Every structure is written in structure tokens, then in C-alpha cells.
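Trainee: Start from chain A and add chains B, C and D according to the hints.
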Amino acid sequence: MFAHICTEDFDQQSLYDELLAQSQPTPGAIVTFTGLVRDFNAHGPIEGMSLEHYPGMTEKALLNLLEQATQRFDLAGVGAVHRVGELANFEQIVWVGCGASHRQHAFDAACFIMDTLKQAVPLWKKEYQHGEARWVAVKSSDEHAAMTWLTPSKN
Amino acid sequence: MFAHICTEDFDQQSLYDELLAQSQPTPGAIVTFTGLVRDFNAHGPIEGMSLEHYPGMTEKALLNLLEQATQRFDLAGVGAVHRVGELANFEQIVWVGCGASHRQHAFDAACFIMDTLKQAVPLWKKEYQHGEARWVAVKSSDEHAAMTWLTPSKN
Amino acid sequence: MITIKTFAQIREISGRAELTIKWQADMTVDNLMEQLALQDAAWANAFTGNVLIAVNKTMCNAQQRLNDNDEVAFFPPVTGG
Amino acid sequence: MITIKTFAQIREISGRAELTIKWQADMTVDNLMEQLALQDAAWANAFTGNVLIAVNKTMCNAQQRLNDNDEVAFFPPVTGG
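Heads up: the protein sequence lines correspond to chains A, B, C and D, in order. For what it's worth, the numbering used here labels the leading residue of the first sequence as -6, then goes sequentially. For what it's worth, the numbering used here labels the leading residue of the second sequence as -6, then goes sequentially. For what it's worth, the numbering used here labels the leading residue of the third sequence as 55, then goes sequentially. For what it's worth, the numbering used here labels the leading residue of the fourth sequence as 55, then goes sequentially.
Source of the hints: derived by calculation from the structure; they are not laboratory data. Please read all numbers here as calculations on a predicted model, not as lab measurements. Any given hint could be a false lead.
What the hints assert, rightly or not - In silico BS3-like links for lysine-lysine, alpha-carbon gap of 30 Å or less:
no. : chain 1 : residue 1 : chain 2 : residue 2
1   : B       : K53       : C       : K76
2   : D       : K111      : D       : K76
3   : B       : K53       : B       : K119
4   : C       : K111      : B       : K53
5   : C       : K111      : B       : K119
6   : D       : K76       : A       : K53
7   : A       : K53       : D       : K111
8   : A       : K119      : D       : K111
As the list claims (entries may be wrong) - Output of the computed footprint for chain B on chain A, the stretches with three or more beta carbons under 8 Å from beta carbons of chain B:
no. : region
9   : -6 to 7
10  : 99 to 106
The beta carbon of each residue, even a glycine, is placed where N, CA and C say it ideally should be.
One chain only, chain A, in its complex shape:
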């Protein structure tokens, strides 16, 4: 299991290889998700973003999610990477990889991690638009979900 927070770009092959090397037993099915910075939001085009995080807690919350996913979906291996700092449009921002014996488990686990990551890992996006920097707002439906996934009992 691995959770990396990094400022530099990441490589698909290296992460895939790292996931497979750590998986036990060798999984028959590997699903990866990669998110790229979009070049627009609801108000028009953006010119990149910056990502703030809580050093120490971000890694811990991400590992916590991966641990939950492993137990819930019987994963052979799981890993995640999230970029922080300055990011240009179309740069890679997040990667999640799940290996499992059953195809559907690998798909479901990757979905679960992405859904909960967006609610439970301390990361904050600020978008550059029209010469200004604005914090990205959260949907109100996500706010309570964040607490649910992060309650101490889940640790």
C-alpha cells in the first residue's frame, strides 16, 4: 500500500509497476484512475490552480482510505498519488490504482477511493481565473460525507 503526496509530475508505468510489485497475491485485475486539471470551471476558462494540503495529515487520511478500500473490496494491492502546489491546465493531479482477483472489486474500490478522497483528504484547490485566485467551493452534500468518512472510529 502506498500514498504519495508530491509536487513533481508522476509516471503511469512507474506507479503501475509499484502497485504490482506490492500486490499480494498477483492480481488478475488492475484498475487505475488518473485525474487531470481541467481548463475551465462553471465561470469559464481557468489558468491552472494551486493545491494546499496539511502535511502529515494528508498522507494519513489517504492511507486510511486505502486501508478501508482494501478491507471492503478484498484488494491484493492499492496505491494513490496526489499532487500539491502549482498545477497547470491538463497536468496530472491524482492517480489511484487497485489490484484484485475480481474485476468488479478493482473497479468498485477505485470508485470508492476517488469518491471519498474528494471528501475526506485535507486538500484544497484554488483556481486562477480572470487574473484572480479563488478557492474551489464544495457541494453542500459532500460536507457531511467528509465527517462520516473521517470519524476516528474509522481509523
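Mentor: Just chains B, C and D, lined up with the frame of chain A:
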């Protein structure tokens, strides 16, 4: 859109790059699925397999599936690779990549392609076990599904 | 001429990966299969299980009418992925 | 001592990324927030919206009792992924 049938192994980074280069517009979400040869079946350990295909029709059926997935899930890009010939345990056998604006669309499309590929693309597995080679059997529930996905009206 | 191709178990049981036979007007895939089964018991055996049919690389059923120069393929349910 | 950390909007509005204050027996996160809001209107503003709380890098609610040397973090709902 690309569908490759090949005997040689494939590279994760190259396929990811090929998918992204062909996607229009650049997708915010990319999901990949990779399948590896397992080292066992219901009867015990196996010693690899061979895959037979129908040259010409295999590529056509795979492209047909990718076209269906593109329309159904509003994909920005999609690609698939399937190995044929002799494969050792744990070798990469299949890769599917889907790029979309919406995360869930990319996940759903990759699931759809894998589910239907296993029913609608002319490929046949033969496993080596206990010194014999045996054709892999299909679940009867999949047999009718195959016809559904491959009817001429879907072309 | 009709070109016939077979795959996997159908190929092994029939003993013929590919062959051609003379096309006849109003011929259907069903007629073709009957003709092959009458010619050789191996074909009858090959057609015992679940046989999928493709004409010119598109799936179809046994009622499909054949044109001259069609390619007809017989194979078992697929197991890729 | 209690170490206080803030992130994103809470950091910008409070004007303080990190500070320490004296620990007091039976102190809760709620008490700490009241104390900060009374000291400086910027903290009162920072606490107006939806504030998430972590103590020692684990999420909790404002009723959490604090121990000496705890690290308390205040931040808005997260937007990663």
C-alpha cells in the same frame, strides 16, 4: 479510438499516452483496466494459456464495442488491446482505457467494455493444466448475451 | 464459392480450419450446416454444442441467406478478456 | 501548549497559519475557538463558515477535550481529487 490485437507484450505508459493523444477534448478523468493471466482455475494451478482469435473479425468486434461505449458514455477517447497466442501466467492479456469529462462515465465505460468484450469479441482461451490443454468454458448466462451485443443492428 | 472458417473447438472437432464449397442460390447457413453434417460425421459432431455464426465477420443466425463469395464462420461462445 | 494550524480560507481570513496558545485543564476545541474569536475579530470571521476540525491529525468535533501538546487544525471542507 484504437483496438490492437497483438502477440507481443504491451506497455502501460505507451497506451496511456496513445489514449490521451487521441482524446478530444482532453479528458479530466482517465480509467484503465488491465487483465493478467491467472495461475489457477477451478481445477487447480495452470501453466499458462493460448488465445485463438478470428483475424479481421476480432478487431472489428472490438472497435464496434468501443464505438458503442463512446456513444453510450460520452467518451473523449477510448482504446483497447488484447493479446493472442501463447501467454505465460501473470502476463498482461488485456488493456482497456477510457477518457471522459466525468469520472463516473470513464469508470462505467471501462466496466461496460470489459463485460461485453468477454461475451462479444471472438477470442478463445485454452489453458494448460496437468500436461493437457483445455478450452475454457463459458457460463451459460453469457452465451445469449454474446448474441445480444453482436447483432448486426449494433454495427 | 462460400468460404468456411472455424475456430477453437469447432475447428478441432471438424478437423477443418478453412474450406470452400460451391455456392447455391437461396442457400441459408442452415442449409450449409446440413450439407456439411451429411458429408462428414465430424461436422455433425462439431455442430452438436452451442455454435455461433458470423457471415462476413458479422454475427448472425442460421436463417441468414448466403450470397456468392460470402465468408461463413462457425465458432463456440467466446472466452476472451 | 496547544499548537494551532489553519489551512485554505481559514488561514487567509484568520491571517495566522500557525500559532501556539497556553493549554488549560478541561479545555475543549469549542473553548479554544471562543477564546480565539474574543481575542481577534479575524478569528471570529474565519469561524463563520463551515469549519472542519482535526486534533492530532484526526478529524473530530468541537466537543473534543484537549490534552497538553495537542495539535489542533481548522480548515474548510476539502476539495481534492
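Trainee: Look at each hint and say if it fits the structure.
Mentor: Against the structure, the hints come out as follows:
no.: 1; hint: B:K53 / C:K76; in the structure: holds (27 Å)
no.: 2; hint: D:K111 / D:K76; in the structure: holds (20 Å)
no.: 3; hint: B:K53 / B:K119; in the structure: holds (22 Å)
no.: 4; hint: C:K111 / B:K53; in the structure: holds (8 Å)
no.: 5; hint: C:K111 / B:K119; in the structure: holds (22 Å)
no.: 6; hint: D:K76 / A:K53; in the structure: holds (27 Å)
no.: 7; hint: A:K53 / D:K111; in the structure: holds (8 Å)
no.: 8; hint: A:K119 / D:K111; in the structure: holds (22 Å)
no.: 9; hint: -6 to 7; in the structure: holds (count 3)
no.: 10; hint: 99 to 106; in the structure: holds (count 4)
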